[in-house]
Amino acid sequence: MIPTTGLLLGAAAVFVVLAIAVLYRAVRGPTTQDRVLAINVLGTNTVVILALLAAALDVPSFLDIALVYALLNFLVAVAISKFTVDRGGVM
Amino acid sequence: MLVSVAIVVFLAGGVFFTFVSAVGVLRLPDVYTRAHTASQTDTLGAGLTLVAVALALGLETTTIKTFLLLIFIFITNPTAAHAIARAAYEEGIEPWEETDD
Amino acid sequence: MIEYVAYALAVFVVLTAVATALLRDVLAAIVLFGAYSLGMALLYTLLLAPDVGLTEAVIGAGVTTLLLLLTIARTVRPSGDRTAERVDPRALFACGALAVVFGLTLPGLPAVGDPNAPIVSYEAVTGYYLSNSYADTGVENTVTAVLAAYRGFDTFGEATVVFGAGVATLVVLRREVLT
Amino acid sequence: MIELLATRWAYAVFVFVMATGLYVMIGSPNLVKKVIGLNLFQSAVFLFFVASAYVAGGSPAIVPSEGGGGPYVSPLPHVIVLTAIVVGVSLTAVALALIVRIHREYGTLDESVLREVTDE
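Protein chains in written order, with the numbering used here: chain B, 90 to 180; chain V, 1131 to 1231; chain E, 5 to 183; chain X, 2 to 121.
These are computed hints drawn from the structure, not numbers from a lab.
A couple of the hints might just be wrong.
[To be verified] Some but not every residue of chain V turned toward chain B, in silico, with C-beta under 8 Å:
| id | residue |
| --- | --- |
| 1 | Gln-1170 |
| 2 | Leu-1180 |
| 3 | Val-1183 |
| 4 | Phe-1202 |
| 5 | Glu-1224 |
Fair warning: this is a prediction, and the values are worked out from it, not measured in the lab.
Cβ coordinates follow ideal geometry from the N, Cα and C atoms, glycine included.
Isolated chain B, as found in the complex (with noise of 0.2 Å):
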């Protein structure tokens, strides 16, 4: 039998991990479009952690505030894109 719970808390540990590896992107830029594009890929990241989560610890209500995320995580990035350009129109 494979341990699933520790498989899926490994993987969850790795995603982690590579939010902290993406958040160079972020921190170094150099264009704010760039830090917009990383930040989304983490919010990517955070949904999937937190679905993993709920998997591994079998709490399946984390899985509500995953998909808060996830709406959370598109409406924050449009809303930056849209912020930064002066003329609108993004979509």
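Dock chains V, E and X against the given chain B, drawing on the hints supplied.
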């Protein structure tokens, strides 16, 4: 047993594609190429991992939420990448060319 | 296994906090503050506080970031050639002293997750709410039961604070920001 | 030392992030950065509360109607933190409104420039 093997395969695929996406975001030369790798590999990585999570949770009503999440990420992630690339274009950021290093 | 996820998240949160503090461009600092909020909300969720994690995600990463962006869109942002902020040695000394004083209290605190810590093991308070909240209020989620039933007037006061903040914002801005 | 950090990691993160937030509030000349520092400080304190309520191997404080289960994390710090988060965002909103107003009156958000302008 088969389910466990499927979980391992999907998790490995998800971690691999997210790793590729992280490397792309770190190493590619400009914002457009980074948006490309972020929207494609990250969507695939998140999708495969969420399939693994759905398999691990088994047949329950909460698993529907995982599929909602999957569909949502498949729709919103490329849209957000498009918005970011469009904002970069409107800001006047020139695409990278082979000649400028 | 779970503690490795927690350690990695702790490193993530600390790095984002330092980056937020040191970036000179305010827009970049706001973007990194959004990442910090995401990490912090994930940490709350990992510490089994899903309600707090959800609220922090919506309010910290959502509302606060949008408010800061609105402010930036209406004011100036310093555009210097330097990426990092100049470090202020006196402020650094003061905060370092504070960190040392608080750090000295660490051995006196119970370990994280210790089931014998007084806050979780004291039956007369925590135990009472956990065992009686369903019978008293009919709500399975104890956090909601305490928030809305046992301490309902406190939450009412909180709503008053939010209303007062809204009125104060409108008075200060003279309704111009909403256009 | 390592053992202390390993068992009390959440409190160590709390101390570090709180000091960072205070540093931003004191050291940064920009008023918007100061508000960000205030938010850093706040969420560090929330982490302290949430970490103190945590029980290893427990479950969230959702007790089924027939009772039993557990161990559960303590719900009371969560309630305090929920209230504090909402009050904190009200505080941030008022502070940012004042900043927009200051910028409209004086045309700057830099602390030292503001002090010179208001001293005249």
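We went through each hint and held it up to the structure:
no., hint, verdict
1, Gln-1170, "violated (12 Å)"
2, Leu-1180, "holds (6 Å)"
3, Val-1183, "holds (5 Å)"
4, Phe-1202, "holds (5 Å)"
5, Glu-1224, "violated (11 Å)"
In summary, the numbered hints that this structure violates are 1, 5.
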